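There are 4 protein chains.
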Amino acid sequence: MITVGVIGYGYWGPNIVRNFAELPDARIAWVTDLRPERLAQVRARYSSTNVGTDHNDIITDPSVDAVVIATPVRTHFELGMAALRAGKHVWMEKPLAATSEEAARLLDEADRRGLALMVDHTFVFTPAVQKMRDLTRGGELGDIQYYDSVRINLGLFQPDFNVLWDLAPHDLTIMDFVLSQTLGTRARWVSAIGTSHYGRHENLAYVTVGFDEGLLAHVHVNWVAPVKTRRTIIAGDKKMIVWDDTSPVEPVKVYESSVDVEHIDKESAYALNVQYRSGDVHSPKLDGKEALTTMAQTFAAACLDGAPSPSDASVGVRIVRMLDAAQKSLDQHGARIEL
Amino acid sequence: MITVGVIGYGYWGPNIVRNFAELPDARIAWVTDLRPERLAQVRARYSSTNVGTDHNDIITDPSVDAVVIATPVRTHFELGMAALRAGKHVWMEKPLAATSEEAARLLDEADRRGLALMVDHTFVFTPAVQKMRDLTRGGELGDIQYYDSVRINLGLFQPDFNVLWDLAPHDLTIMDFVLSQTLGTRARWVSAIGTSHYGRHENLAYVTVGFDEGLLAHVHVNWVAPVKTRRTIIAGDKKMIVWDDTSPVEPVKVYESSVDVEHIDKESAYALNVQYRSGDVHSPKLDGKEALTTMAQTFAAACLDGAPSPSDASVGVRIVRMLDAAQKSLDQHGARIEL
Amino acid sequence: MITVGVIGYGYWGPNIVRNFAELPDARIAWVTDLRPERLAQVRARYSSTNVGTDHNDIITDPSVDAVVIATPVRTHFELGMAALRAGKHVWMEKPLAATSEEAARLLDEADRRGLALMVDHTFVFTPAVQKMRDLTRGGELGDIQYYDSVRINLGLFQPDFNVLWDLAPHDLTIMDFVLSQTLGTRARWVSAIGTSHYGRHENLAYVTVGFDEGLLAHVHVNWVAPVKTRRTIIAGDKKMIVWDDTSPVEPVKVYESSVDVEHIDKESAYALNVQYRSGDVHSPKLDGKEALTTMAQTFAAACLDGAPSPSDASVGVRIVRMLDAAQKSLDQHGARIEL
Amino acid sequence: MITVGVIGYGYWGPNIVRNFAELPDARIAWVTDLRPERLAQVRARYSSTNVGTDHNDIITDPSVDAVVIATPVRTHFELGMAALRAGKHVWMEKPLAATSEEAARLLDEADRRGLALMVDHTFVFTPAVQKMRDLTRGGELGDIQYYDSVRINLGLFQPDFNVLWDLAPHDLTIMDFVLSQTLGTRARWVSAIGTSHYGRHENLAYVTVGFDEGLLAHVHVNWVAPVKTRRTIIAGDKKMIVWDDTSPVEPVKVYESSVDVEHIDKESAYALNVQYRSGDVHSPKLDGKEALTTMAQTFAAACLDGAPSPSDASVGVRIVRMLDAAQKSLDQHGARIEL
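Chains as they are written, first to last, in the numbering used here: chain A, 1 to 339; chain B, 1 to 339; chain C, 1 to 339; chain D, 1 to 339.
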C-alpha cells in the first residue's frame, strides 16, 4: 500500500486521482491546488482526502510515500527536487522538466536516493501502443524503415510553451518505447521547422528524428488544423502498421504489404526489379483497459518493489533532450542537431 | 483545328491521345513509340492515325502543328528543342526538364519563336483544385497560413528518378496555382529530408517550402506506404480546406473553423486569450469534367490564339527550380536552399 | 426548486442523478435500489442524499415533489401509479409501460391530477435530433418521403424483452418528434418481421411504419451485428439528411440532392423525364450540450410551471401503441396492423 | 473458339463486347443496335466487326455460335427463344425474363436443345462475392443467421420497371450463390413493402426472404438516397462478414465477433447468460480480376464443353420467381408469398 499526495488538480489531475483512488495498493491522502473551486470538487468526490493550497503540506507529511506533480512544466524541477529530497517517490507530469539539465539532475537525485521517479507518458501504457511494441519486438514487421505521425487538431493554445513541447512528447515517447527500448535503435539527430501565426509560440511544427541505420521518424504537430488527426505509420520491410487513434473502430491495422527487391546492382546502386506486394489487412482486438490504470499499478510496483517502468526518469531525460534539440533546430531554421 | 503528333505511348499517352481525338479542334496525325506492341494498340483504336518508331517523322512533318512529348524526363530537353526549332507548339509531360537550366532554355526558345509550350500539370485543371483556387482567390479563407500535403502509397518505383521528382511536382504545381498565381505569394526557400531504402533513389521525402510572410508549405511524398493517402490542407485564418483526393464522396470540405485572438501583447509577443472556433462544414459539389479534356482545350486555344495557360512554360521553370533546390537540400541533409 | 427521489440506480440512473444534482432548480433527496453495492456508490458521490432499498420511502416522503422511475419496464405501471396517486410528478424510463393499456391509464391518472408525467426519450433532446426537427419544420427538406434507420450492434441481450422493445423506441420517438409533432403527419399502420437466434426473444427485427400520404418509415434493429451502426436517413423531395450517430465528426449531413420530375403522365401514371440532381453537402455545427441536461431542465419546468414537453405521456402512449402493434405483427409474420 | 453476335449496345453492351474481343477463345462477329450513333462507336473501335440494326442478321448467320442479348427485359423472351430455336447458345442480360413463366420456358428450350443459356449475374463472378462464398462454404462463419443488404443511391429511374427489378436481382443472385448453391439452403417465402414517389413504379422497396431453418434475408433497394451505399452483412454464429462495395480499400471484412450462449432454458425458452465476444477483424486481399472476364470465360467453356456455371438458366429462373413473388407481395401490401 502506498500513500499518495497530489499537487495540482487541473485538466489531468482528476484522472490520476480517480485511478489511484480505485487502486487496491494505493490511498490518496492529499490533494493541493491553488484554486479553491478545484479543491471543492475534490472534497465533493473524496470526502476523506485532505485538501489545501500549500504543496509543502504534502512534502512534509511523513505518512506520504509518493507525490504526484501535475503542475505546469516550469515548476517541475523545483517541486520534484523538493519531493525527492524529502524522500518521496515522484510521479511527474510530462515532460519531466523544462530543460535537459534539470531533467538530468532530477534523474540523478532519484537514483542517488533509490527513489522511483516516473514520468506520465501515458501513451506507452495504452493497449494500442503496447500492441505495436509487441509487433515490432516479435520481428513480424521485419526491419523498421520509418515512423511517421500526424498529430494535429484545432487545439488549446498553451500559455507557456509551444506546440512542440505540448504534442511532440507523445510521439517521441512512443518512438522511444517501440523503437529504442525494443530494438535498441538510438536517436542520433533531430531537426525541426515550424511557424507561429499567433504571437511568440510556434503553433505548427515538423520534427524529423534520425535513428541508427537510416531509420527516419517524422512528426507533424499542429494546433491549427480543422480535423483532429492522430495517424501513425510504423513501416517495416515485411509489414506495416497504421494506427488511427481517432477511429472508434479498428484503430490498429497491420498491412501485409511490402516492397520486394530482386537485387540491387552493386555498381550503380540501382534497385532492379522493384515490385510491390499488397496483401491482407489485419486489425487485432485491443484490450480495453485504461492506460492510466496500468500506469498507476506500474508506479505502485516501482515504489513498493523497485519494479522497472517503461516511462522511468531515464526515458524522461531522453525525451527532454530531444525536445531541447528540436527547439534549438526550430530556432536555427531547421539545422540538424546531433544528440 | 490543330494537327497533333504524339511522341511516346506509355502509361499516360493513351489518355492524352483519347482526349485530343475527341476534341473538335484537334486531330491526331501521328503516334510514335519504340515498342511495337504499343503501336499495335494505337492502330487498333485509331485506324486513321499514322504510327511509327521514329519521332523525327513527326517533327519533320509540315502538317503537324503541335507535338506532345510523353517520354522519360531525360529526353525532354532534346526532343522539346527539336520540336520548337521545327516551329511546333509543344505539350510536355511534367516535369518540363531534368534541370532548371534545360527548363529555362526551353522556355526561352518557345518565347523567342512565339510558340506555345505547356507542361502537363494535369492537377491544375481538376475541378477540385480549381474550386480551391476560387476559394483562395475570393478571400473566403482569410490569410493563408499553411499548405500541408500527404501524397503517399505503395508505389511503382521509377527507374530513373526518385519519389521527389515523381510525386512532389503535383504539390508544387498546386501551390504555384493556388498560392503564387492567385495571391502573388512567392516561394523563397526549400528544404528536404529523405531516405532511400532500396538502392540509390529516395523513396520517401519530406519537403518544406517557405513563402512570403511566413506562409509554410510541407509535403510528404512516399512510395512505401501501406494506404494510399492524398490529403491536402489549405489553412486560412478564417476557414480551412481539407481535400481528400482518394475519397469517392465529398473530396473537398471547407471548415468554418479558426483561431480567434483577442490581442497580442506587444511587449512579450504573447498571444493572449487565444480561442478556437469550430463551425459548420461545407462540401461543394464539383464539376465532373475530366481534367485532361480541359487541358487539351486550353492547349488548343494557346496554339490557335495564344491564349494564356496556368501551366505554361514559366510555371514549368518555377517547378523545376523548386525540384532542383529540393534535390540539393536532400543531398545536403536538409539544408535550406534559397530560390 | 423541485425535490427529486430516484427509484433504481442501474445503468442509466447515475446519469439522471448527476444531471439533477447539477441543476440549480432541483435537489436529489433520495435514491433507492435493491442492490447494496449500488447504494454504496450513491453514498460515496452524494453524501447528503438519503439512500435505501424501499421505494415507498420516496413515495411517502411529503418533501418529495417528483419521482424518477428507472427500473425494469414490467414495474413501470405499478410504481408510476403509486407515485402519481401520492401526488408526485413522474419521470419514467422509456418505454412508458409494458402495454398500451397500462400506458393509457398512467396518462389518464397524470392528467386527472394535473401532474407532469414525462418519459425519458432522451434522443429528442439531443442537438442532432433537434437540428433535424428544425430542418424539417422549416420546410428546407421539402415534402418528407421516407425515414430509414439502421440501429444495430453486438448488443447486450436483455433478459425480459426483445430487441424491438429495446432499440426501436428510439426511432419511433424520433419519428414522432420530427414528423408527427412537427408536421402533423400521423402513423397509420405498422408491420414487423424478426427472428430469434438465441431463445425466446427476437434479436433482429425489421419494422415498417406507414404514415399519412405515403410517407414510409423503416427501422432495422439488431443485437447481433458486427459493427455498431446508427444511421438514419430523412429524405425530402428537396434535400435529404443523413445522420450517423457513431461518427465522431460531422454526424449530421444535409444533401442538396433530389429527383426532378418534369411531369407525370396522367393516363399512364408514368413519371417522364425523371432526372436526379446531386449538389453540395452541408454539415451544421451542433450544440455540444448534453441531452439529459436539457431534459432535466424541461422536466423541472413541467413540474414547476406546467411547461410542455416533447416527451410527455401522450407521446409515451403513442410509442407504446406502436410497439404493441409491431409486436403483434411480429407474432403474425409481418401482417400489417392498423393503429 | 466461339463466334459471338451481340444484340444491343447500350450501357452494358460495350463492356461485354470488350471482354469477348479480348478473350482468346472468342470472336465478335456482329453487333446490332437500333441507334446509328451506337453502331458508329462499334465501328470506330472494332473495324472488323459487322454492324447493323436488324438482330435477325445475327440469329440467321450460320457462323454465329452464341448470341448475347443485352436489350430491355421485355424483349428477352422473344429474342431468347428465337436465338435458341436457331441453335445458338445465349448470354442473357439479367433478369432472365419478365415473368417466371417466360423464364421457365427459356430454360426448357435451352435444356431440350442442349444449349448453354447463361444469365449475366455479373456479381457472382466478382472476387468479393467469390471470397464470401469460400468463407461460407468452408464453415468458417458457423451457421448462417441472416443476410442483410443496403443497395441505395440517387439512381437512374428506369422507364419500364421499378427499383425491385432493377437492383434486387443483385442481392437475390448473391444469396442464391452464397447460400443456396453453397449450403443447399432454399428460399421459402418472400415479402416486400415499397412506395412510389414519382409515378407508377416503386423507387423504394424493402424485401425480406425467408430461407430454411430461420435464416432471414433482407434487402433495402432505393433510387432516392443521398449517399451511394452498398453494404451487405452475412452473419454466422461464429464470424460475420461486412462487405462494403463502395469502399476503395478493404471492401470485405471478416469479424471474429459472435454471441455466446451458455445454455437455453428448455422450459422457458429463455437464453441464459448470453455474452458477446468482439475479436479481431481481418480483411482478405481480393484478386483484382474483372468479373466480366471470368464470366466470359465461363460462358465460352459452357458453349464449347458444356461446363457448368453458377449463373445458368436454372439460377435465372429462381431469381425471376423471387422477383415475381416480391412484386406480388408489393402489390398486396407486404403479404408473405410462398415460393
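No lab work stands behind these hints: they were computed from the structure. It should be emphasised that the depicted structure is a prediction, and the values quoted were computed from it without experimental measurement. Some clues are possibly wrong.
All copies of an identical chain are treated as equivalent in the list; a pair is satisfied when it fits inside any one copy or across any two copies.
List of simulated lysine to any residue pairs, SDA-like, C-alpha gap at most 25 Å [stated by the list, open to error]:
#1 K328 to S180
#2 K228 to R43
#3 K328 to E338
#4 K239 to A307
#5 K131 to L23
#6 K239 to M1
#7 K289 to Y276
#8 K285 to M81
#9 K131 to S47
#10 K131 to L154
#11 K238 to T195
#12 K131 to Y198
#13 K285 to R336
#14 K239 to R336
#15 K289 to G279
#16 K228 to Q275
#17 K239 to E256
#18 K289 to V259
#19 K238 to L339
#20 K289 to D305
#21 K239 to T60
#22 K228 to R321
#23 K228 to V259
#24 K238 to S278
#25 K238 to P36
#26 K239 to R74
#27 K238 to L156
#28 K289 to N56
#29 K228 to R85
Right, here's what the structure says about each hint:
| no. | hint | in the structure |
| --- | --- | --- |
| 1 | K328 to S180 | within (22 Å within a copy, 31 Å between copies) |
| 2 | K228 to R43 | neither (34 Å within a copy, 39 Å between copies) |
| 3 | K328 to E338 | both (11 Å within a copy, 21 Å between copies) |
| 4 | K239 to A307 | neither (33 Å within a copy, 41 Å between copies) |
| 5 | K131 to L23 | within (24 Å within a copy, 43 Å between copies) |
| 6 | K239 to M1 | neither (43 Å within a copy, 44 Å between copies) |
| 7 | K289 to Y276 | between (37 Å within a copy, 18 Å between copies) |
| 8 | K285 to M81 | neither (42 Å within a copy, 47 Å between copies) |
| 9 | K131 to S47 | neither (38 Å within a copy, 41 Å between copies) |
| 10 | K131 to L154 | between (28 Å within a copy, 24 Å between copies) |
| 11 | K238 to T195 | between (36 Å within a copy, 18 Å between copies) |
| 12 | K131 to Y198 | neither (38 Å within a copy, 28 Å between copies) |
| 13 | K285 to R336 | neither (39 Å within a copy, 41 Å between copies) |
| 14 | K239 to R336 | neither (30 Å within a copy, 34 Å between copies) |
| 15 | K289 to G279 | between (30 Å within a copy, 15 Å between copies) |
| 16 | K228 to Q275 | between (34 Å within a copy, 16 Å between copies) |
| 17 | K239 to E256 | both (5 Å within a copy, 22 Å between copies) |
| 18 | K289 to V259 | between (35 Å within a copy, 22 Å between copies) |
| 19 | K238 to L339 | neither (29 Å within a copy, 39 Å between copies) |
| 20 | K289 to D305 | within (23 Å within a copy, 46 Å between copies) |
| 21 | K239 to T60 | neither (53 Å within a copy, 52 Å between copies) |
| 22 | K228 to R321 | neither (28 Å within a copy, 34 Å between copies) |
| 23 | K228 to V259 | between (31 Å within a copy, 15 Å between copies) |
| 24 | K238 to S278 | within (11 Å within a copy, 27 Å between copies) |
| 25 | K238 to P36 | neither (56 Å within a copy, 38 Å between copies) |
| 26 | K239 to R74 | neither (41 Å within a copy, 34 Å between copies) |
| 27 | K238 to L156 | between (39 Å within a copy, 17 Å between copies) |
| 28 | K289 to N56 | neither (34 Å within a copy, 39 Å between copies) |
| 29 | K228 to R85 | neither (42 Å within a copy, 52 Å between copies) |
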